[in-house]
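Participant: Keeping their order, the protein sequence lines are chains A and B.
So the first sequence is numbered by full-length UniProt numbering: it starts at 1 and just counts up by one.
So the second sequence is numbered by full-length UniProt numbering: it starts at 1 and just counts up by one.
Worth double-checking, as some hints may not be accurate.
To be verified - Here are the computed distance ranges between Cβ atoms for each label pair: (1) A:LEU54 with B:GLU28: 45 to 51 angstroms; (2) B:GLU241 with A:VAL101: 47 to 53 angstroms; (3) B:GLY312 with A:GLU149: 41 to 47 angstroms; (4) B:ARG151 with A:LEU276: 19 to 25 angstroms; (5) B:ALA305 with A:LEU54: 55 to 61 angstroms; (6) B:ASP101 with A:LEU301: 36 to 42 angstroms; (7) A:GLU218 with B:GLU76: 53 to 59 angstroms; (8) A:GLU70 with B:GLN204: 56 to 62 angstroms.
In case anyone wonders, no lab produced these hints; they're calculated from the structure.
Every residue gets a Cβ at the ideal spot worked out from N, C-alpha and C, and that includes glycine.
Residues per chain are reported as follows:
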Amino acid sequence: MDRLVEIRDLRVAFDGVPVLHGIDLDVAPGEALGLVGESGCGKSVTWLAALGLLPAKARVTGSVRLGAGELVGAPREALETVRGKRIAMIFQDPSSALNPVIRVGRQICEALRLHRDLRGAAAKAEAIRLMEMVGIPDAPRRFDLYTHEFSGGQCQRLMIAMALAGRPDLLIADEPTTALDATIQAQILELLARLRRETGMATVFISHDLGAVAQICERVCVMYAGRIVEAGPVERLFAHPRHPYTRGLFDAIPQMTGPRRRLVPIPGTVPDPRALPPGCAFAPRCTRAHDACSRARPDLLAQPDGRTLACAYPVPEARADSFSMERAMT
Amino acid sequence: MSRPLLLEARDLVRIYRSRRGLTGAVTEVRAVDEVSLKLRAGETLGIVGESGSGKSTLGRMLLGLDPAQGGTVLFEGMPLPRFGTPIWRRLRSRMQMVWQDPLSALDRRLTVAAQIREPLDIHRIGTPEERPARTASLMTAVGLRADQGGRYPHELSGGQRQRVVIARALATNPALLVCDEPVSALDVSIQAQVVNLLRDLQGQKGLGMVFISHDLKVVRNLADRVAVMYLGRIVEEGPAEQIFAEPRHPYTQALVSSIPVPGRPLDARILLQGEPPNPAARPPGCAFHPRCPLAQGLCRTRVPALRVPEPGRAVACHVTAGAQSPVAA
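Could you build all of it, start to finish, from the sequences and the hints given here?
Facilitator: Laid out in structure tokens, this is it:
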């Protein structure tokens, strides 16, 4: 496989407490990859570490290769040619990521100057084109407004415009729709899907919303307690989740069709990274766990159907079939 | 529908005044605009809408926490007393609220048992000797272990904290519980635990519940009836099953179709143009018309009345409600 980014054994520790326990992840050019998991599972930390955006107290080891270059431990100057230019990132809360006292047009122009050396009228014209591309109506007039004069959804569009300024090969979207209203969420998802079609940039979509991930991603990685527990093509993995945690996430979502039923929560809570259970970190919450699960941690292994899975007693294929039948009927 | 009426709101209006800058003109925001609703004992009413739709303000008004400029709230048939008066305080033991962020709703310097017990002390429920046992039974009822009573809020997880808030709200045996986005701040797996807890309470206590949320999936799972709000007004109301299966108002239709469902392609959705308008600059006529795919001439000039196209349902739309349908009382 042609690879744009290659992450190998990426580990992160804060104050000596490991929170990311060796992530192996590839992103192909133009691919849409989803990263799913609950808060604290390490899905954001993976990319903040890759881009050198973690505070100094974080200890990052392993390797993140972008083309021929190594990002882990790279000097600041080298990272600055990557951040925003080759890999851009947008965040959950756009209004806190934009500068409230600088006009939005100038903020986009600044990105254009840094990444593409555009200045003056050329930068302004390109900034307006980007604003129109992300769906800001009446862009020439609104070029000179401040962020508080835009709604939350429009601020997210502006963030995306700024991210596009460097013509990145990869856009990391970290919970980009979580803070937005339902109808606006739908618009932003549509925008991200359209931009990927039009520009051919790869997208990593970090989200806890399985529905949103299903709609815009081709491949998905499910993370739990700092490790990838299951990964594979979206349709296969979502139709037949095999890791009990993936399956549990689906069961916990209320359905929009069919009879109302009691939800099936995952018992317990996410473990404290300072006191991870021995063996499989999910074992204490897992309904399928055997004694062995709390002794030995299962490795992430390739499966015949193209997914990777880290579980000693996964949801069997047969039961996965009946699960999808039941799903199709409701 | 034989159960007694617990709560009734008639034509509630809440206006916020704001000024742009020091010398700017005062603008009025009608956060809640002539909202009427009824809740029977044991029933759960879901209120859905996007930010700025007035759903949280409405929730606060139902408890008298936010004064109404117009309209009345009747609790068990009696008008709600004024905020802060002794009668209102006494009544508050019968109506409680659960907030979105449990950490800011709890006192971080008190143990959780002390906080669950506090309403018992305030409302003098039981003798002081009985209260520790009652506190312990409340903790068990919401799925907390009695030994967790000595913990402080920061020592608990988000889901456990929300359980503490719910236990505290239930301490006085309320008849009405208003929940404002109670599970929005929680992770999916924990969300399900709290939703199940609320469902159990519905069954056990005959508790009337107003459940305010932007998450339609959760509302569908909990509510008997649903009211959809847009810019301060109810635009559609009806049984939860029907609202989600056959929404009639174009806004509800877009809202329901905007929920990402695994397996449904993106382009199968109704994608609304634009954003919810600023409540301070409400469009004339139907407030939804600038985004509405069905808008006609009339929609731009006249506010549609809430009509009853079939018993139990109400829709405020010139196009889909049917002009012949009777106007909701």
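Participant: Does each hint fit the structure? Answer for all of them.
Facilitator: Against the structure, the hints:
At about 47 angstroms, the beta-carbon gap between LEU54 (chain A) and GLU28 (chain B) stays in the expected band of 45 to 51 angstroms. Between GLU241 (chain B) and VAL101 (chain A) the beta carbons are some 50 angstroms apart, a value that agrees with the proposed interval 47 to 53 angstroms. Taking 41 to 47 angstroms as the suggested C-beta distance range, the pair GLY312 (chain B) and GLU149 (chain A) conforms, at roughly 43 angstroms. For ARG151 (chain B) and LEU276 (chain A), the Cβ-Cβ distance of about 21 angstroms falls inside the hinted range of 19 to 25 angstroms, so the restraint holds.
In this structure, ALA305 (chain B) and LEU54 (chain A) meet the distance hint of 55 to 61 angstroms, their C-beta atoms being roughly 56 angstroms apart. The supplied range of 36 to 42 angstroms is met by ASP101 (chain B) and LEU301 (chain A), whose beta-carbon atoms lie about 41 angstroms from each other. At roughly 56 angstroms, the beta-carbon separation of GLU218 (chain A) and GLU76 (chain B) lies within the given 53 to 59 angstroms, and the hint holds. As the Cβ distance of GLU70 (chain A) to GLN204 (chain B) is approximately 59 angstroms, the hint placing it in 56 to 62 angstroms holds.
Against the hints set out earlier in the document, no violation occurs for any number.
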